[in-house]
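Here's the letter readout for the chains.
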Amino acid sequence: MIAMARIQLDRVSVDLPVYSASARSLKARLLPAGRIGEGPRHQILVHALRDVSCEFQAGDHVALIGRNGAGKSTLLSVLAGIYEPAYGQVRIEGNIAALLDMSLGMEEDATGRENVILRGRLLGMSKAEIMARVPEIVEFAALGDHIDLPLSAYSTGMRLRLAFSVSTCVAPDVLLLDEIIGVGDVEFAKRSAERLQQLIQRAQILVVASHNTHLLAELCNKAIWLEGGRVREIGPAPAVMARYQSS
Amino acid sequence: MSDPIPSRSAAPSGPALRSVPVVQLTGHARAWSRAAFTAAFEDLRDGACDWRLSLLLGWSELRRRYRRSLLGPFWITLSMAIFILLVGGVFSQLSSSSMREFMPYIATGYATWLLLSSFVTDGCTVFIASLRFLRQMRLPKTTFVLASVWRNLLVFAHNLPVVLVILALAGVRPTPWTLMLIPAFLATAAAGLILVLVLGMIAARFRDLIPIVTSLLQLLFFLTPVLYQPARLGQAGRLLAFNPATHFIEIMRSAFLGEAPPATSWLAVLGMLVAGAIGGFLLFARFRARITYWV
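Line order of the protein sequences matches chains A and B.
One point on numbering: in numbering that gives the first Met the number 0, the residue at position 137 of the first sequence is 136, and numbering is uninterrupted.
One point on numbering: in numbering that gives the first Met the number 0, the residue at position 158 of the second sequence is 157, and numbering is uninterrupted.
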C-alpha cells in the first residue's frame, strides 16, 4: 500500500514585509526619529495571502487561478515550504517538488555536470542516486559535449534544458507548477511536454498556477480562485473557471 | 517505452509501507510558540543529518571563488606565508625577541585570527548569499550555516602547513599539551557555528551590520594579542581579557606550542560557548521562519 499524499491549509496568511533602504538600516532605528520623519515602527506589509483554507487529497488536480498579484505564486511558495505563513497552519504529506523558477540556483562557473550533481543533491537525492541518473539527465537535456563546459558557455535555451532535465528527473507525490512553459526549441519543447505529462500522471496531487485556461481545463478537476490574497471561490474546476472567466 | 522517471514513492527496494515525509508549518507571527521551538530544533537536526550536503555546498563555494586561478586556494597559503614572514620579521625586531621565539607565536596566533575573522565576515553573508536556494526550495537553514563553517575550516586547513613548517623550523616539539589542539579546535569550530548563525540572521535583517562588522574587525585585530605579547603591555594587557578573540587565540596557540593553556581562557571560552549556544538557539527559534522573508 502506498501512503496517500495530502495538503491541508488552515486559515493561512502570509505578509511580505517591504524593507526600504532606510528601514533596513540600523541607522533608521538609532537616529532620533525627528530627523528621519516617521520611524519604521509602522512597517509596510503586503498582505499576500489572507485566511486561505483548503484541503486536497490524492487525485486532486488543482488549478490556481486569479489575476496578476492575486497571490498565486505566493501560495505555491507556501505549499513548497519556502515561505512559512505568518498565521495559520500548513500540513503537507508526501514528497513535494516545485517547478517554480528553475533557472535559480545554477552556478555560472561550474560545469553542467557539476550543476547537475549539486542540484540533484539539493533536491534531496543521495549522491549515489544522482550519480546513477547523470547520464540519463545529460541525454535528456541533449547537451552532448557541452555538459563538461562551464555554464557561462551555454545559451539561454541550453541552461533551461539542463535545469528542466534535473528538476524533473524524479516524480514527486505533490507537484507544484508555476505557469507551464515550453522549454527550448520545438523538438525539446515536445519532449519536455511529454515528460511533464508523465510527472503529472504520477503525482498524487497537482497544483498548477496558470493563465492558460484551456490547458487548466484539460488538466484539472478542482480550482481555487484567488482574489487580492483571499480565496474567492473553491470547487470543481469547470464551475469555478466558468465564473472566473465571466467575471 | 520503459519507465524513464522513477517515482520516489514506488522505490522497488523500499518497504511496502513507507513513511511519508510530512511538512508542518505553523504561523510564525506568534512569538515563542512551542511550534517555533520544535521547528528550530528540527531544522538543526535535519541540517546536521544531511551534513554531506553542507560539505558539498561549502566545497563548491570554495572552488567557485578560486576557479580559473592558477594556484587556487593555495593563494591563501601563500599570502599567509608572506604576511607571517614580513610582519613577523618586523615585529620580532620591535619586540626585541628572537625570530625563533616570535615566529611560532605570530604564525599560530595569526592563523587562528584568520579563522575567527572569516567566521565573522562570512557569517554576515551566509543567508544573503544563499538567496537563490532559500527562495527556491525548502532546505534546513542549518545546512547553509554548516556549509559556511566547513568552507572556512577548509581555508584554515590550507593555512595549517605554513604554521606547521614554522613550528618545525623553530624546533617546537609536541608535548602532551599538544593534544589540547583537539578540544581547542572543536571549541573554535563551535564558536564558528554560533557566530555564523547569529550574525547571518542579524545581517539578513539589518544590512548595515556588514560594514560595521568589517570596520570593527580591523580595530579588533590590533586589540588581539597576535603581533605582540600581552605581558609586554603591562597593566593594560589585562584589558585584552575583555576581547573574546583573545581567549580563542590563547587556547589554540598554547596547544600548537605544546604549552599548558591559561585556565582562565578555557573558562572564558566555555562560558561564551554556553551563553552563545543558548542565545543563538533562542534567536533562531524566534526568527528562523523570517529569514526567507528578510533575504
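Hints listed in this document are in silico derivations from the structure and should not be mistaken for laboratory results.
Note that the structure is predicted; figures quoted are calculated from it, not measured.
Glycine included, every Cβ here is placed at the ideal spot set by N, Cα and C.
Be careful, since some hints might not be right.
Said to hold, decoys possible - A few chain A residues facing chain B, derived, Cβ under 7 Å:
# : residue
1 : Gly-87
2 : Val-89
3 : Gly-93
4 : Arg-120
5 : Asn-211
Claimed, not checked - Restraint-style ranges between C-beta atoms, simulated for each label pair:
#  : chain 1 : residue 1 : chain 2 : residue 2 : range
6  : A       : Val-17    : B       : Gly-278   : 35 to 43 Å
7  : B       : Leu-269   : A       : Arg-112   : 40 to 48 Å
8  : B       : Ala-276   : A       : Val-17    : 31 to 39 Å
9  : B       : Gln-23    : A       : Ala-216   : 29 to 37 Å
10 : B       : Gly-233   : A       : Thr-110   : 57 to 65 Å
11 : A       : Val-17    : B       : Phe-220   : 51 to 59 Å
12 : B       : Val-164   : A       : Thr-110   : 31 to 39 Å
Claimed, not checked - Quick look at which bits of chain B chain A covers, simulated, 3 or more residues with Cβ under 8 Å:
#  : segment
13 : 107–121
14 : 167–181
15 : 235–248
Hints, verified against the model:
| no. | hint | verdict |
| --- | --- | --- |
| 1 | Gly-87 | holds (5 Å) |
| 2 | Val-89 | holds (4 Å) |
| 3 | Gly-93 | holds (5 Å) |
| 4 | Arg-120 | holds (5 Å) |
| 5 | Asn-211 | violated (23 Å) |
| 6 | A:Val-17 with B:Gly-278: 35 to 43 Å | violated (29 Å) |
| 7 | B:Leu-269 with A:Arg-112: 40 to 48 Å | holds (45 Å) |
| 8 | B:Ala-276 with A:Val-17: 31 to 39 Å | holds (33 Å) |
| 9 | B:Gln-23 with A:Ala-216: 29 to 37 Å | holds (33 Å) |
| 10 | B:Gly-233 with A:Thr-110: 57 to 65 Å | holds (58 Å) |
| 11 | A:Val-17 with B:Phe-220: 51 to 59 Å | violated (38 Å) |
| 12 | B:Val-164 with A:Thr-110: 31 to 39 Å | holds (34 Å) |
| 13 | 107–121 | violated (count 0) |
| 14 | 167–181 | violated (count 0) |
| 15 | 235–248 | violated (count 0) |
Violated hints, in rising order: 5, 6, 11, 13, 14 and 15; the structure is consistent with all others.
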